[in-house]
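Visitor: Make a model of the complete structure from these sequences and hints.
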Amino acid sequence: MNESNRNMIIAIVLSVVVLLGWQFFIAGPQLQKQQQQAALEQQQASAANPGLATASSTAPGHTATPAANGATAPAAAPAAIIDRAQAIAATQRVAIDTPSVKGSINLTGGRLDDLELKKYTETVDPSSPIITLLSPSGVETPEGMPYAYYVEQGWVPASGSTAKVPDAQTVWTADGGTATLTPQTPVTLTWDNGAGLVFHRTFAVDTNYLFTVTQTVDNKTGADVQLFPYSRAVREGTPKVQNFFVQHEGPVGVLGSNNEVSKKYSDVQSDKQERWDNTTGWIGYTDKYWATVVIANPGEQINAQFTYLKPGNVEQYQSSFVTSTPVTIAANASASDKSFVFAGAKEESVLSSYEQTQHIDRLDLLIDWGWFFFFTRPMFYLLKFLYGFLGNFGLAMLSMTVIVKLLFFPLANRSYASMAAMRRVQPEMKQIQARFKDDRPAQQQAMMELYKREKINPLSGCWPILLQIPVFYSLYTVIFISLEMRHAPFFGWIQDLAAQDPTNIFTLFGLINWDPTQLPFVGGFAHLGVWPLIMGCTMWVQMRLNPQQGDATQQAILNWMPVIFTFTLGTFPAGLVIYWSWNNTLSICQQYFIMSRHGAKVDLFGNILTSLGLRKPKTTT
1389 MNESNRNMII AIVLSVVVLL GWQFFIAGPQ LQKQQQQAAL EQQQASAANP
1439 GLATASSTAP GHTATPAANG ATAPAAAPAA IIDRAQAIAA TQRVAIDTPS
1489 VKGSINLTGG RLDDLELKKY TETVDPSSPI ITLLSPSGVE TPEGMPYAYY
1539 VEQGWVPASG STAKVPDAQT VWTADGGTAT LTPQTPVTLT WDNGAGLVFH
1589 RTFAVDTNYL FTVTQTVDNK TGADVQLFPY SRAVREGTPK VQNFFVQHEG
1639 PVGVLGSNNE VSKKYSDVQS DKQERWDNTT GWIGYTDKYW ATVVIANPGE
1689 QINAQFTYLK PGNVEQYQSS FVTSTPVTIA ANASASDKSF VFAGAKEESV
1739 LSSYEQTQHI DRLDLLIDWG WFFFFTRPMF YLLKFLYGFL GNFGLAMLSM
1789 TVIVKLLFFP LANRSYASMA AMRRVQPEMK QIQARFKDDR PAQQQAMMEL
1839 YKREKINPLS GCWPILLQIP VFYSLYTVIF ISLEMRHAPF FGWIQDLAAQ
1889 DPTNIFTLFG LINWDPTQLP FVGGFAHLGV WPLIMGCTMW VQMRLNPQQG
1939 DATQQAILNW MPVIFTFTLG TFPAGLVIYW SWNNTLSICQ QYFIMSRHGA
1989 KVDLFGNILT SLGLRKPKTT T
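If you use our numbering, the sequence shown corresponds to residues 1389 to 2009, in order.
The hints are simulated quantities; they were obtained by calculation from the structure and are not laboratory data.
Check each hint, because a few of them may be wrong.
[Unchecked claim] Here are the simulated lysine to any residue pairs, SDA-like style, with alpha carbons at most 25 Å apart:
#	residue 1	residue 2
1	K1676	G1700
2	K1843	L1783
3	K1989	K1698
4	K1652	K1698
5	K1628	T1905
6	K1651	P1627
7	K1793	P1766
8	K1726	V1559
9	K1793	F1860
10	K1490	L1871
11	K1793	Y1980
12	K1793	L1783
13	K1490	T1568
14	K1507	P1517
15	K1552	K1608
16	K1628	D1756
17	K1698	W1664
18	K1507	A1944
19	K1989	L1921
20	K1793	C1977
21	K1676	A1944
22	K1628	R1802
23	K1506	K1652
24	K1726	S1549
25	K1726	W1664
26	K1660	G1700
27	K1490	T1558
Keep in mind that this is a model prediction, so the values were computed, not measured.
Guide: Rendered as structure tokens:
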């Protein structure tokens, strides 16, 4: 076996290890697996407010802590589970209508608990239902499990205070009666505690997904009152996540200048509570394409925490913050506190804009760019740029592959030129191997002298293949996580580049009505569409650029590689398989051109005939 082919095989094996590991640990059986729910039966008790971050006794400038009086308790398990429409109709509400979202604010509790995303549907069919993000307590999932997802703001009295504050059962009054929240018309809710405090909660919303919530208290008690404003996002029931290595789904936040935090739901179950005192930033939940987070006023000191509770045997996750120091409402005066809520689609341009317009710290980190963010993010921008010209993300991806090939052409040129030189000196290498058959050190020394004289780098042949791995990973990340790629069509039967090729050879492309992916053990490899087959064929042809070798083990590896890759990529997003097919095609042309240019004969057609048994293999001398 010559050095060039040995290096190529090493590179291929490394790639296969990466892809097989991806299949078994990321994209295989765990694709649809739901997180295991921990049997945590004991509800956490908190003196101030279960599940809510409280003010620290060491808060700068103040030692007061919130008292239990008037604190909002975690939502209890509903007595009866009803559908979403019934839950919404059961309470008075203020409608929300913007170009991006629709829904309503629940006047009971003053909660944002009904929100749908106008621009996104559940499937590629534009007539399918739009995405539902927030839902009120008491709703059940299609599987019959309790589900709620909402955001609420409020006040917690300082220690020793007897002030009555609004809670989850408080019924607010909307100023103006039946006003609708729009980007042009904020809505104010009002509640009088009957003891000298009047609470106002004003909601404003932009044309995208950012809500501004201003809480104001009018103090008519004749004495100063100290209250801690809070905000929290609550999820009832453990959400299904895909558990993919390349993207985080679950509790998330940016707290402080260098503190990006992310947790799995199982981590929150185990820890029950995790707290960060005297910090700044935002906290909430991220899904694959959507997110809901509560955001403190930029620069405001807060105490934040993740909490797991189980009231009424309903699993409840809370992401909350409370200001580190109380708001003092002087007698016969008013005071306010402002916070934000992001609830919507993770559109990169929208998220990035909020850091500029609202000074919200790194909200764009809701998009998980992965380990190679320095490579993945520019690739995403390039794809969007090309899409602006071509109008098709598939064509943009193919164009980007050409650009990457051109950028790496100098390196590829040196690599393939070295491979061509290796092929030219093969007769001399055979002579050295025969001459020093029984003297391995002398053989290696003679080989190194040959490489030096002919200016050959025996490892250079690995680079064209190894360079594909970070490109492959980054493109996979972009296709998988970016909202822009969701439901992006290509041509023909590929209507969603982020989903796997819908065709399957094992159903004769739809002629047989059965689902082979449900088979035990092998089901994860039983989806093989047209584009994976095209990819496998291009890889097989690429392998034929080198003549068939006499070493049986080597030849078996080369023959099985396209088969392994074909089945492994069968369940990958169609966009990635199309990229790999196109990249193989470009590599075939590139290698053929460069090696022929440097004097190495490339008998591609003859090598194909030999592999098919239609021509006897040529012996190398």
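Visitor: Taken at face value, is the distance from the CA of P1627 to the CA of K1651 at most 25 Å?
Guide: Answer holds: K1651 to P1627 is near 13 Å, not above 25 Å.
Visitor: With the threshold set at 25 Å, check whether the alpha-carbon distance from K1676 to A1944 stays at or below it.
Guide: violated, 40 Å
Visitor: Given the hint that K1507 pairs with P1517, does the C-alpha gap stay at or below 25 Å?
Guide: Holds, at roughly 11 Å.
Visitor: Take a quick look at whether K1660 and G1700 sit within 25 Å of each other, Cα to Cα.
Guide: holds, 16 Å
Visitor: When you check the alpha-carbon spacing of K1490 and L1871, does it fall within 25 Å?
Guide: Within the cut-off at roughly 20 Å; holds.
Visitor: Verify the proposed pairing of K1726 with V1559, using a straight-line Cα cut of 25 Å.
Guide: Given that 25 Å is the threshold and the Cα spacing comes to 21 Å, the pair holds.
Visitor: Is K1843 within 25 Å of L1783, Cα to Cα?
Guide: violated, 39 Å
Visitor: Are the Cα atoms of K1793 and C1977 separated by 25 Å or less?
Guide: The hint holds at about 11 Å.
Visitor: Is K1793 within 25 Å of F1860, Cα to Cα?
Guide: This hinted pair holds, its Cα atoms lying about 13 Å apart.
Visitor: Measure nothing beyond the straight line between the CA atoms of K1676 and G1700; if it is 25 Å or shorter, mark the hint as holding.
Guide: Not OK: K1676 and G1700 at ~29 Å, beyond 25 Å, violated.
Visitor: Take the C-alpha atoms of K1652 and K1698, compute the straight-line distance between them, and say whether it is at most 25 Å.
Guide: holds, 17 Å
Visitor: Holds or violated: K1628 with T1905, Cα cutoff 25 Å?
Guide: holds, 20 Å
The structure is inconsistent with the numbered hints 1, 2, 3, 18, 19, 21, 22, 23, although it conforms to all the rest.
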